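Going line by line, the protein sequences match chains L and V.
Note that the numbering used here has the first sequence beginning at 1, numbered continuously upward.
Note that the numbering used here has the second sequence beginning at 1, numbered continuously upward.
Calculated directly from the structure, the hints in this document are not laboratory data.
Pairs of lysine-lysine residues, derived as DSS-like cross-links and limited to a Cα-Cα distance of at most 30 Å, are as follows:
1. Lys227(L) x Lys471(V)
2. Lys456(V) x Lys301(V)
3. Lys227(L) x Lys157(L)
4. Lys157(L) x Lys226(L)
5. Lys456(V) x Lys429(V)
6. Lys410(V) x Lys528(V)
7. Lys471(V) x Lys226(L)
8. Lys157(L) x Lys139(V)
9. Lys429(V) x Lys223(L)
10. Lys541(V) x Lys410(V)
11. Lys204(L) x Lys223(L)
12. Lys408(V) x Lys456(V)
13. Lys429(V) x Lys226(L)
14. Lys53(V) x Lys306(V)
15. Lys541(V) x Lys306(V)
16. Lys301(V) x Lys139(V)
17. Lys528(V) x Lys456(V)
18. Lys227(L) x Lys429(V)
19. Lys429(V) x Lys157(L)
20. Lys53(V) x Lys115(V)
21. Lys226(L) x Lys204(L)
22. Lys471(V) x Lys223(L)
23. Lys223(L) x Lys157(L)
24. Lys429(V) x Lys403(V)
It should be emphasised that the depicted structure is a prediction, and the values quoted were computed from it without experimental measurement.
One letter stands for each residue in the lines below.
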Amino acid sequence: MRPDELLHPAPGGLYCPKGDFFIDPTRAVPRALITHGHSDHARAGHGHVLATRETLDLMAIRYGANFAGATQAIAYGESVEIGGVTVTAHPAGHVLGSAQFELSWRGCTIVASGDYKDARDPTCATFVPVRCHVFISEATFGLPVFRHPDAATETAKLMNSLHVFPERAHIVGAYSLGKAQRVMALLRAAGHSAPIYIHGALEKISAYYQACGIPLGDIRLAKEAKKADFAGAVVIAPPTSITDIWSRNFPEPVTAFASGWMRVRARARQRGIELPLVISDHADWDGLTAAISATGCEEVWVTHGAEDALVHWAMTRQLRARPLHMVGYGEEENEAPPAAPAPASPPEATP
Amino acid sequence: MNRFAALLDRLAYESGRNAKIRLMADYFATTPDPERGIALAALTGALSFTNAKPGLVRALIQERADPVLFAMSYDYVGDLSETVALMWPLPEGAAPPDHAPLLSEIVHGLETLPKRALPGQLADWLDGLDDTGRWALLKLITGALRVGASARLAKTAVATLGGLAPDEVELVWPGMAPPYLELFAWVEGRAPRPENLDPAPFRPVMLSHAIEDSDFTALDPSAFAAEWKWDGIRIQAVAGVSPEGERIVRLYSRTGEDISPAFPDLVEALDFEGAMDGELLVVREGRVQSFNVLQQRLNRKTVTAKMLRDYPAHMRAYDLLVEAGEDLREQPFAARRARLAALIARTASPRLDLSPLVPFASWEALAAARADPASAGAGVDAEAVEGVMLKRADSLYLPGRPKGPWWKWKRDPHTVDAVLMYAQRGHGKRSSYYSDYTFGVWTQAEGVDTLVPVGKAYFGFTDEELLAIDKFVREATVNRFGPVREVLHEPDAGLVLEIAFEGLARSTRHRSGIAMRFPRIARLRWDKPPREADRLETLEKLLGAEG
Ligand SMILES: [Zn+2]
Ligand SMILES: [Zn+2]
Numbered sequence: 001m002r003p004d005e006l007l008h009p010a011p012g013g014l015y016c017p018k019g020d021f022f023i024d025p026t027r028a029v030p031r032a033l034i035t036h037g038h039s040d041h042a043r044a045g046h047g048h049v050l051a052t053r054e055t056l057d058l059m060a061i062r063y064g065a066n067f068a069g070a071t072q073a074i075a076y077g078e079s080v081e082i083g084g085v086t087v088t089a090h091p092a093g094h095v096l097g098s099a100q101f102e103l104s105w106r107g108c109t110i111v112a113s114g115d116y117k118d119a120r121d122p123t124c125a126t127f128v129p130v131r132c133h134v135f136i137s138e139a140t141f142g143l144p145v146f147r148h149p150d151a152a153t154e155t156a157k158l159m160n161s162l163h164v165f166p167e168r169a170h171i172v173g174a175y176s177l178g179k180a181q182r183v184m185a186l187l188r189a190a191g192h193s194a195p196i197y198i199h200g201a202l203e204k205i206s207a208y209y210q211a212c213g214i215p216l217g218d219i220r221l222a223k224e225a226k227k228a229d230f231a232g233a234v235v236i237a238p239p240t241s242i243t244d245i246w247s248r249n250f251p252e253p254v255t256a257f258a259s260g261w262m263r264v265r266a267r268a269r270q271r272g273i274e275l276p277l278v279i280s281d282h283a284d285w286d287g288l289t290a291a292i293s294a295t296g297c298e299e300v301w302v303t304h305g306a307e308d309a310l311v312h313w314a315m316t317r318q319l320r321a322r323p324l325h326m327v328g329y330g331e332e333e334n335e336a337p338p339a340a341p342a343p344a345s346p347p348e349a350t351p
Numbered sequence: 001m002n003r004f005a006a007l008l009d010r011l012a013y014e015s016g017r018n019a020k021i022r023l024m025a026d027y028f029a030t031t032p033d034p035e036r037g038i039a040l041a042a043l044t045g046a047l048s049f050t051n052a053k054p055g056l057v058r059a060l061i062q063e064r065a066d067p068v069l070f071a072m073s074y075d076y077v078g079d080l081s082e083t084v085a086l087m088w089p090l091p092e093g094a095a096p097p098d099h100a101p102l103l104s105e106i107v108h109g110l111e112t113l114p115k116r117a118l119p120g121q122l123a124d125w126l127d128g129l130d131d132t133g134r135w136a137l138l139k140l141i142t143g144a145l146r147v148g149a150s151a152r153l154a155k156t157a158v159a160t161l162g163g164l165a166p167d168e169v170e171l172v173w174p175g176m177a178p179p180y181l182e183l184f185a186w187v188e189g190r191a192p193r194p195e196n197l198d199p200a201p202f203r204p205v206m207l208s209h210a211i212e213d214s215d216f217t218a219l220d221p222s223a224f225a226a227e228w229k230w231d232g233i234r235i236q237a238v239a240g241v242s243p244e245g246e247r248i249v250r251l252y253s254r255t256g257e258d259i260s261p262a263f264p265d266l267v268e269a270l271d272f273e274g275a276m277d278g279e280l281l282v283v284r285e286g287r288v289q290s291f292n293v294l295q296q297r298l299n300r301k302t303v304t305a306k307m308l309r310d311y312p313a314h315m316r317a318y319d320l321l322v323e324a325g326e327d328l329r330e331q332p333f334a335a336r337r338a339r340l341a342a343l344i345a346r347t348a349s350p351r352l353d354l355s356p357l358v359p360f361a362s363w364e365a366l367a368a369a370r371a372d373p374a375s376a377g378a379g380v381d382a383e384a385v386e387g388v389m390l391k392r393a394d395s396l397y398l399p400g401r402p403k404g405p406w407w408k409w410k411r412d413p414h415t416v417d418a419v420l421m422y423a424q425r426g427h428g429k430r431s432s433y434y435s436d437y438t439f440g441v442w443t444q445a446e447g448v449d450t451l452v453p454v455g456k457a458y459f460g461f462t463d464e465e466l467l468a469i470d471k472f473v474r475e476a477t478v479n480r481f482g483p484v485r486e487v488l489h490e491p492d493a494g495l496v497l498e499i500a501f502e503g504l505a506r507s508t509r510h511r512s513g514i515a516m517r518f519p520r521i522a523r524l525r526w527d528k529p530p531r532e533a534d535r536l537e538t539l540e541k542l543l544g545a546e547g
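From just these sequences and the hints, can you work out the full model?
Have a look at this one:
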């Protein structure tokens, strides 16, 4: 049989005809498997949702308790049968609750990995490579220039800046689900024990992480603090807020942004960032290629991101590879789209 | 090298002056000799290499990486050195070297390696560095290293290590050389102040304050002398004799940068011994040329014979700091001026003359002279006058900008009413505000009136005005390009800005064909509809008059 019979791209997402379900559909469908809680993968309004307990809880936090007609939780390592297809969840290492779905039917195994990373992250379960025939990979950072440094090294940059500028607030832009909590955990691991202030958009999700037993230390709402509290403090906010009117309340802020995109200088400069922190919840180039190799797959399907480079690489490794050109992904939490940084600037005039 | 590269990287992103000083001071305080001294040389522009062409960098990466992946990456990143630095892979199966090369090792290597050994050594260095270190190394060897801080700021950072005033470092600087061991030992209190043995050292300059209308009432005109303020470049010419008996002449910018190599004609023509303060000008046929003409001689690494012929450099002196080894800085201005006049009278150099005093009896009389320099003694040079300088006759020569002894009283700047077209978010403290403005004036294009951008301004406004413009930008956005917003600019809708500027120059880089000097926002003209803003022809007329 062809793997296409088990799973294929369709308008709205990856579709499994045997089980009549979609994975991370971009529009409302009767039955959906959701890999993780980022808004480009997890949308409200499906008839039935299968996901990990954490993903279901996070969706309820974001969309309200009635985000789907019915829900069903699946644990890592657990399998369920849907229309004869065996579905097993495995950790993806992306954010809390993120899962890869292994689909098996008549001896053919396909793994849809959603978003994933192989780097260590104390706030979620570690990525596990799963043997399969077809591995479906994202390629958000699918160019060899993206090789994320150790997150602890990047955290040390932030710690050093706090040491050099003890009177300035350090505003760190971080996606509200996953990245923000990881930055908190990284700071704690680096010995930063002072209160960390947060934007209101991070409150419920951070509290949920802590309720799941992930210690983040003393987290306080920025809006309840006094201006003097922010001297030398870390303030974490969604990326759109760090250069917005919201950031005006802080004393001489140092503007930081924790993202894999920060590896490219033009990107950081374009956003007016002073302290770029290359901390990513997506696999870098080495991570993508290592993960693909570790699955022992014969074929790679690339969902979104820099598909061309990863497909080229797979071919040089004698793997069948195809880009799926899926739309609607990769802009999780208002993330910058992975196109080349070429804004049409107005004509320059120099003094 | 990795630590130095991290500093460079951070300086490039940081916009605040004090923040830059602190970043450098932190680096100097935590980096051992001689590494920090070599870094100081790099930061002050004393290191320059052009060992490698971009072709070598390309060849190196082609050996290591898949050409298709390199091409895709280069296409994405857009900068060769950065692409190679980011994607540089170790040879398959190789363990990373346990030693990251130091900046001092690399600089030594670049100075001593034979050319054919360079590619191999470069690959070894790249293997040993982190990605920021690789980026800085590739920029360094291709001669494209940009330091996001001036030499003056780097010296200021060194001074802060010992709580010294920046000028104290400046005073000993000319006698120092990389890796500056004596300098660091002195500022850290481990050794006495190094002796400045330079026969032609820079002396920190004295600067003036801009005078406001309200200042005059407290000032007595008879206590002051006035000179023309020339629209040139402030320089300090210093000449002395080395222990070996060699005559040394140097020209310094007002920040102490040695600019002599760019002006060999003037260096050669100076025949005095001492230190003189004055203005660098281009004089042709006995007439001072405009700043636009002088600009042809600025920021040039090499000077051609044609440039020397067409744009002869000249010094118009207005102060004497040292004469034949005698320090005059503790003497009053009137006495220094008399010594200077006598010295100029003796000089045989046609390239050196005395900046004349402007006689005046009252502030009203001086205002009249300032308004019409041509009939007040400046004659044919009036076009190069940008105002008057007021100096107290009893003022000592004090480094820095003491308030009271010296004032500058500029002529009113040119103004033009222009229309706001684009706004860009600022940096640092201003990163949440749209604070950089591109503005345009009207011109006819294919029979229709359209706005053509003529300049960019990011200062001149008050905090309240900034808030008001920021609000306008957010409400009137018609397009977004990254951090840039295009705002509404129609004949009957938009914001008119009164722009003040110092002058105009022709420019092929701008669509309007014109570049403005020091444009700033003088007023917001909410009252004026954009259709009543100025036209390009007005600026062209002004350019014709100035050119
Ligand atoms: Zn995601
Ligand atoms: Zn995604």
